[in-house]
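S.K.: Below are the chains, spelled out letter by letter.
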Amino acid sequence: MKVLVTVKEVAEVEEDFQLDGLRVAEQYLDYDLNEWDEYAVEAAVQIAEENDDVEVVSATIGPERSEETIRMALAKGVDRAIRVWDDALEDVDLLDVGAKTRLLSAVVEEEEPDLVLTGVQANDDSFGATGVSLASAIDFEWAAVVNDLDLDIDGAVANVRRELEGGVEELTEVDLPAVLTIQTGINEPRYASLRGIRQAQSKEIKPMALSDLGLDGAALESDLVLTDMYEPETESEATYFEGGAGEQAAELATVLREKGVGAQ
Amino acid sequence: MSDVLAITEHRRGELRDVSFELVTAGADLVGDTGGDLHLAVIGGDTDGFAEELSLDGVDTIHTVTEGDEFNHDVYVQAVTELYEELDPTYVLIGNTVNGLDYAPAVAEGLDLPLVTDAVGLQNDGTLEVTREMYASKVESTIEVNADRAVVTIRPGEWDATEAAGEPAVEVFDFTLDESRVRSRVTGFEEVGSGDVDISEADVLVSVGRGIEEEENIELVQDLADALDATLSSSRPIVDNGWLPKDRQVGQSGKVVTPKVYLAVGISGAVQHVAGMKGAENIIAINTDPDAPIFDIADYGIVGDLFDVVPELIEQFE
Ligand SMILES: Cc1cc2nc3c(=O)[nH]c(=O)nc-3n(C[C@H](O)[C@H](O)[C@H](O)COP(=O)(O)OP(=O)(O)OC[C@H]3O[C@@H](n4cnc5c(N)ncnc54)[C@H](O)[C@@H]3O)c2cc1C
Chain A
0 MKVLVTVKEV AEVEEDFQLD GLRVAEQYLD YDLNEWDEYA VEAAVQIAEE NDDVEVVSAT
60 IGPERSEETI RMALAKGVDR AIRVWDDALE DVDLLDVGAK TRLLSAVVEE EEPDLVLTGV
120 QANDDSFGAT GVSLASAIDF EWAAVVNDLD LDIDGAVANV RRELEGGVEE LTEVDLPAVL
180 TIQTGINEPR YASLRGIRQA QSKEIKPMAL SDLGLDGAAL ESDLVLTDMY EPETESEATY
240 FEGGAGEQAA ELATVLREKG VGAQ
Chain B
43 MSDVLAITEH RRGELRDVSF ELVTAGADLV GDTGGDLHLA VIGGDTDGFA EELSLDGVDT
103 IHTVTEGDEF NHDVYVQAVT ELYEELDPTY VLIGNTVNGL DYAPAVAEGL DLPLVTDAVG
163 LQNDGTLEVT REMYASKVES TIEVNADRAV VTIRPGEWDA TEAAGEPAVE VFDFTLDESR
223 VRSRVTGFEE VGSGDVDISE ADVLVSVGRG IEEEENIELV QDLADALDAT LSSSRPIVDN
283 GWLPKDRQVG QSGKVVTPKV YLAVGISGAV QHVAGMKGAE NIIAINTDPD APIFDIADYG
343 IVGDLFDVVP ELIEQFE
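So the sequence lines, in the order shown, correspond to chains A and B.
Going letter by letter, the first sequence gives residues 0 to 263 in this note's numbering.
Going letter by letter, the second sequence gives residues 43 to 359 in this note's numbering.
Since the hints were derived computationally from the structure, they do not count as laboratory data.
A portion of the hints provided could be inaccurate.
[Said to hold, decoys possible] Derived lysine-lysine pairs resembling DSSO-like cross-links, with alpha carbons at most 27 Å apart:
hint, chain 1, residue 1, chain 2, residue 2
1, B, Lys287, B, Lys319
2, A, Lys258, B, Lys301
3, B, Lys319, B, Lys301
4, A, Lys258, B, Lys319
5, A, Lys205, A, Lys1
6, A, Lys1, A, Lys258
Chain A extracted, bound-state conformation (with noise of 0.2 Å):
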């Protein structure tokens, strides 16, 4: 059996920030794994420890870069990492789900996997829609907002909870082959130990450009325009105490006992 778990590389604003353009400028941001995709790589290791025979593999889009990420999955046991990449994807403004949806479709075909695992969301651009279009596309079964996993392999049937709004649980079987979104808190996902930090170092991380994937340029045609960025306006019409964290302290009981609580 085969799982392909997709794993992100995405980008985080630090607190004070400037944009350039349509994009936040580069020296604001810090790259770190997808936090969704950590758990989907955590729900696919552990798939592969329970079974014989399971082969784990990552698929990223995402430049040169991304390989140190890359390498944080392949050393807590993924055994081998696809990066697409593309001289045509450095100008994209906005990736969009369709453009996205078309890449990984062409990954699934080269490597025929069972089962694709990828995170509800990417903590970026927050789309939460490309596992689902993924399925679509590929003719697989799918599983949105999965929170605990049960694979029947020789079945051929995931038993999954989803996690609705409002502290509410679906229980639901998927037929496989699937699509499964993975959402934090299924698991605990480990730390990479020293020695899966230095396998990891010999472990294959394929580049694919759109031609090694049977695609062009079209595949990353979009309608989608990103057309303004800002900050959004502070709303903020909070009281805030000033000065040091003790004087802070004490204004803040103030109005806390203003509003009757604690002892007085």
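Assemble chain B with the ligand onto chain A, guided by the hints.
M.R.: Then chain B with the ligand, alone, in the frame of chain A:
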């Protein structure tokens, strides 16, 4: 002229709030461009739901009597068939857990552009969608350069339509392809409640990822004790196993409405805010002056919780 088809949402016999917000968003859109607002109700008590959804601005409600609860395989087929029959310009869906479980498949199958989690929509000939990025630190505008699109809207961003109207109600018949229904919903479960019900508490001290380490939870527990308050948290604290699930405030946790909500080291992500924005007094302690939690706070301390919390405990001892 551009028609809008909005797909309503229900669960366990009740229409969800977002259904009424979709009516408002949809009516605004057809208000800009001219055209009809169609609603769809798929599964469950379609007649009862149609009656509740007979609201101002709605032209036609299409009922699809297929199953009791949400099943994405049924929804994808029903919405696709409705789209082909009605030929609307825009399909609107709630940006909910279930919305995100079928909207992307509908868009992909129909080869339509998809914009999720809209917080604003405008149409002066071209559809412009406002969204948030980078954990709400940046807002962006996306122009849809296509005649048609699927858009999901963030719950709570549009007012609910309540005024009654007189839409036509039509049963939409279509033949479900059973071979394409490859998932089965087998039940629901409530997340277990322990000894403490945070939704009943008058005063909540709520801790977020700013606390950094499990052993530091004790510090905010001490604060809660000093204030005679109950301890709750944002999601990462529960994901890490530092507090039980029934302490989680938010979209997937509990909705709380205390008199005082003290958010300690919580950024105020939309899914967290969904659970606590109804608190009477919101107080935030955060090192980041631009953290979105300050947008809804009544009182704010820009500062390090490890400095402020011990001082605050001292004030109450
Ligand atoms: C489908 C779905 C459902 C979700 N449901 C929920 C939900 O029910 N509830 C929920 O909470 N989240 C939920 N989330 C997750 C949500 O998106 C956020 O990831 C989460 O709320 C972030 O929690 P946080 O604010 O504690 O952490 P962060 O966003 O990491 O924020 C930590 C904050 O602490 C501040 N900080 C750091 N150090 C200090 C210090 N020393 N002193 C003071 N401040 C400090 C930082 O400035 C930052 O603002 C859900 C997500 C999805 C996709």
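S.K.: Could you tell me which of the numbered hints above are not met by this structure, giving the numbers in increasing order?
M.R.: Of the numbered hints given earlier, the structure breaks just one, which is hint 6.
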